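Since chain A is already given, all that's left is putting chain B on it; use the hints.
Protein chains in written order, with our numbering: chain A, 1 to 197; chain B, 198 to 301.
The set of hints was computed from the structure by calculation and includes no laboratory data. Be aware that a few hints might be false.
Chain B stretches covered by chain A per the calculated footprint, using a threshold of three residues with CB under 8 angstroms from any CB of chain A [as the list claims (entries may be wrong)]: (1) 245-258; (2) 289-295.
List of simulated lysine to any residue pairs, SDA-like, C-alpha gap at most 20 angstroms [to be verified]: (3) B:297 to A:10; (4) A:14 to B:242; (5) B:234 to A:12.
Given the structure is predicted, the values throughout are model-derived calculations rather than measurements. Glycine included, every Cβ here is placed at the ideal spot set by N, Cα and C.
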Amino acid sequence: MDHQQVQQDLAIIKDMIEKTKKETADSGYFFIGLGLLSILCVIVISFLEYKSMEHLVVPMFLVMFFASGAIGYFTVNRREQKDKVKSYPKTICYSVWFACSVPVVITGFLLPMLKVIPYSLVPVLTTLILGIGVFATGVIFESRYIYWSSAFWWGGAVAIALVPGYGRAFIMVGILLFGWVLPGIILNRQYKKYGAR
Amino acid sequence: MSHEELLQLDPLIHAPIRLAILSILCTVDNANFTFLKDSINVTDGNLSAHLTKLQEAGYIDIQKTFRDKKPLTLCSVTGAGRKAFQNYLEHIQRFVESQKHDVK
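Excised from the complex, chain A in its bound form (with noise of 0.2 angstroms):
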């Protein structure tokens, strides 16, 4: 093996693995279409709640669970079936975000059904849970803002805690166009700059 050749080599194996980053770079279109329905359903929820429409509040969070399903289907499914390579990030970060999701519902719904935890528990128990998972969705894709971003998800959530009334609606749309909506833009401008697909 001479100098040349080593060159060579490396040369190889760094323009595969650009290749590979560009194939799975993830497009963030999931993350910006479930903050945008996030927003829209916390201004429904204070909106039934303005109208002193409680009763209707849960069912708000069925429709919501069902629609955040269908984004996920059409972002991140049908995408799938068309990837050409299944990347551990991507696989570890569903994981992440599966796992996050069954304590989310067994806050949202069972537990205050059951009436283990009030209502007014919720949206602090389920925005720490999403700030687990928002963290560490940064750390997989090595993303510092997203990371650092669940420091809104876990702020937001002691500032719920605290704050009464209709300002914690407000608390939590800053959240989700922070902590949110922006980090999947960001994802979105590092997927266009790689020019995948």
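Just chain B now, with coordinates in the frame of chain A:
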């Protein structure tokens, strides 16, 4: 690089196309045939031949399945393949370091 070190280089990985294949497969869970072909820029036959050699050596697994009724070939690296690639990279690294030492 000394003659002894040269002999330690894995001849299977030394070929540029097989090196490219393992470079990709070591960074992903699996990759399909089309992606490998497009990334490495080789013909179907050429890629198949190199994949077969790597599979026979136990460095990669090849799974043939169907997606939307179309045949799909998925390739993934094995533990032995990952270790062999890592050894290859360590040899390159040692060579580069020895070159730096010689320059000094």
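Tested hints:
1. 245-258: Coverage by chain A is violated here, the residue count being 0 at a Cβ distance below 8 angstroms.
2. 289-295: With 3 residues in contact (Cβ-Cβ under 8 angstroms with chain A), the coverage given for the stretch 289-295 of chain B holds.
3. B:297 to A:10: With Cα atoms ~16 angstroms apart, residue 297 of chain B and residue 10 of chain A stay inside 20 angstroms; holds.
4. A:14 to B:242: violated, 24 angstroms
5. B:234 to A:12: Distance ~14 angstroms between residue 234 of chain B and residue 12 of chain A Cα, so the pair holds.
Hint compliance for this structure: hints 1, 4 are not met, and every other hint is.
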